[in-house]
Amino acid sequence: MNETLQIAAFLLLPILSFIVLIFFGKKLNGHSSTLGLSLMGLMLLNALILIVNAEPYNLTAKTYEKWSIYNSFEWFSTGNLSVYLGYYVDNITAIMLLVVALIGFLVHLYSTEYMKGDPRYSRYFAFLGIFIFSMNGIVLADSLIMMYIFWELVGLSSFLLIGFWFEKDRPPMAANKAFLTNRVGDIGMFIGIMILYFHVGSFNIKEIVGGVSEMDPGLLTLAGLLVFMGAIGKSAQFPLHIWLPDAMEGPTPVSALIHAATMVAAGVYMTFRIFPFLTPDALAVVAVIGAITALMAAITAITRNDIKAVLAYSTISQLGYMIMALGVGAPVYAFFHLVTHAMFKACLFLCSGSVIHAMHHSLHHLDDHHTDPQDMSNMGGLKDKMPITHAAMLISTLAIAGVPFFSGFLSKDGILAAVLSYYYKYDGWTIILPIAGFGAAMITAFYMFRLIFKTFYGIPKKKDIYKHIHESPLAMTIPLMLLSVLSFAFAFTANLNPLKSWGWFKALIYKYGKNHNFLNMKYVNSGIESAHYDAMYLSLFVASIGIALSVLIYYLKKVDVDKIANLFNLVGLYSLSKNKFYIDKIYNMIFYKPFLFQTRTASFIDWDIYDQKIVDAWGWITLKISKYTGISDYSILDQKIIDGTSHLTQYVSTKLRKTQSGVIQNYLLGVLAILVVFIIVINQI
Amino acid sequence: MDYIQPYLMLSSILFSMGIYAVITRKNAVAILMGIELILNACNINFVTFNRFGNFATLDGHVFTMFVIVLAAAEAAVALAIIINLFKNIGTVDVDQAKEMKG
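In order, the protein sequences belong to chains A and B. Taking the working numbering, the leading residue of the first sequence gets 19, the next gets one more, and so forth. Taking the working numbering, the leading residue of the second sequence gets 38, the next gets one more, and so forth.
Bound-form chain A, shown alone (with noise of 0.2 Å):
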């Protein structure tokens, strides 16, 4: 019962907040941030708590005692059909819960300043008070149907915080399309568990991996495949990819928190509760899925000058990767670059807000409303002014491009492992996956620290802008401190060799994801441990490539930007990446216009020609008759039959009422002249 509340209290906690300040928000305006703060603190606090909990594998000893706690309760039942609730907790959900807690937290600590003197101050915390509910939401369920209701939910408060500023042009349509965007992906996986549910007969993850094997294969790959578009959607995978850079619209925190470390990560999350049951063509789809994401969103990044941009084609391209490492059977590789990814792109993405908050401070007090705060080319040099932002971004480039020392380096060479090991197993067609892998972590080294240059270092390009550029405050600097330094890879294994990637971390994760219904994991581990060194000296080798190459132009501008720009555009690379892969304009012409042209012609069917000629038509023949009947009705009915049968009547009446004369001795005198009348009358017959 204790463990329910204490679980309970991950989905208690955020829903609190979110109920309180959107009723109350308006009466607690300033202190509404120190009400989530609070608790959010609470929350993650129960996180450490419940961390302890988890059982590390002893790697010495080898002995290892699974820990979980779940519990489950009817929600409802028809027929014979039944729907329960519950949580599954285990070592990798109490991990991602305080990966949800505390960059919640830290999120939370970062908006009380960067939102400071927004109108619509306290409707922003309630918000983050509904993610962080459904987020947990996810990540605690133990059913798929249930994980769909937050899966969905989460959409929803994704939605809510993209399009925050709704006053503004882009955020409400860039919130329409992550939400439209997610919706498709989230068809798919709707009816893939559907399919699940009817031929294994509940919801339950741990019994449809139980279940799945008197399946039809052909039909699992189906809905496996269904089920992982939700997180094609979710996790922003190509095709589906589109919605995350304009998600960018929303407040930088929201980016931070939503679209780089926890949200977009439940699509991989998912995928690696469902992992077990994915069948080997499933898993390769996936694995190619993974790869094409990676490598388009890192070459993608390359031109965009948006520090937001940047970074949100470089999330897609890091979520890549783990969606590949799940594709290629490294489940606790893809989760480990999860945490250490929602690390050090939390840490980014808050550093590029605390460069944005000071651009935008220093263009509102030139009164300057038009310079974009968010385009790289108005910055640089601003490592002299904002010490903290800098070291802070600075060492998150350093953890996401690879760099050994930092956690970066641990996750992606184990991806890279799994890639390269399967490249050695299958052959052939797979070497797209490493080529995909190595050429993506190359180009992330180049375009992060691209960035870095262009932003922190060379002679600013404003002069007027960087005079008032100053470093943000506190409880801004707290959490890019505290983030850059669960960005060392030291946070990780506790350890300084930095070629060793056992530690707390590992030992925690080591025994999940080792099971599957198709696939030998032995063997698997096995062919991963061996291109261990393969992978990273390939990977130390591509990733000082790539940060050489961007000390070579953007540093120390030995080559023309330019003439690289020409020499890639002869094969359309250039363009390609400044055009986003042309996915937007594709999307465009096939969906976007025919389905346009579609509801135009459709209104004017129902407009213009049903409305208008048809209805209006019947209401003009009504008219018509209805004056026709009014005129029959009024002039000849009512004014000449009924009014002339009561004239008639007042007429004869006044005629009558003289024979009242009152006096009684007249009504006798008639009586007697009818009787000597009718005495006559009588006596005739």
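Derived from the structure by calculation, the hints contain no laboratory data. Yeah, the Cβ is synthetic: ideal placement off N, Cα and C, and Gly gets one too. Each statement offered as a hint is correct.
Using C-beta positions, here's what the derived DEER-type ranges look like:
| id | chain 1 | residue 1 | chain 2 | residue 2 | range |
| --- | --- | --- | --- | --- | --- |
| 1 | B | Met-102 | A | Arg-675 | 40 to 46 Å |
| 2 | A | Leu-690 | B | Asp-39 | 32 to 38 Å |
| 3 | A | Val-689 | B | Glu-111 | 14 to 20 Å |
| 4 | B | Asp-132 | A | Leu-666 | 32 to 38 Å |
| 5 | B | Phe-123 | A | Leu-690 | 26 to 32 Å |
Dock chain B against the given chain A, drawing on the hints supplied.
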């Protein structure tokens, strides 16, 4: 006197006089007197037909007795009405009592 005509003529004359009084007199008391005449004309008829008709019983006489009693009661009620009429409109002239005029 074995003829019926004189009796019927008497009763007719009495009845006509009563009717005439009822119709022409303005005084309510006089109208009441007229009604008494009419009733008495009836009584004469009852008695007459009992005498000349082929009746074994005295039905006509009994009816006459009833009518006399009725007339007395009627006179009491009518006089009460007339007193009330006088109280209300200050006269017993029936022409003044025409609130029912339409």
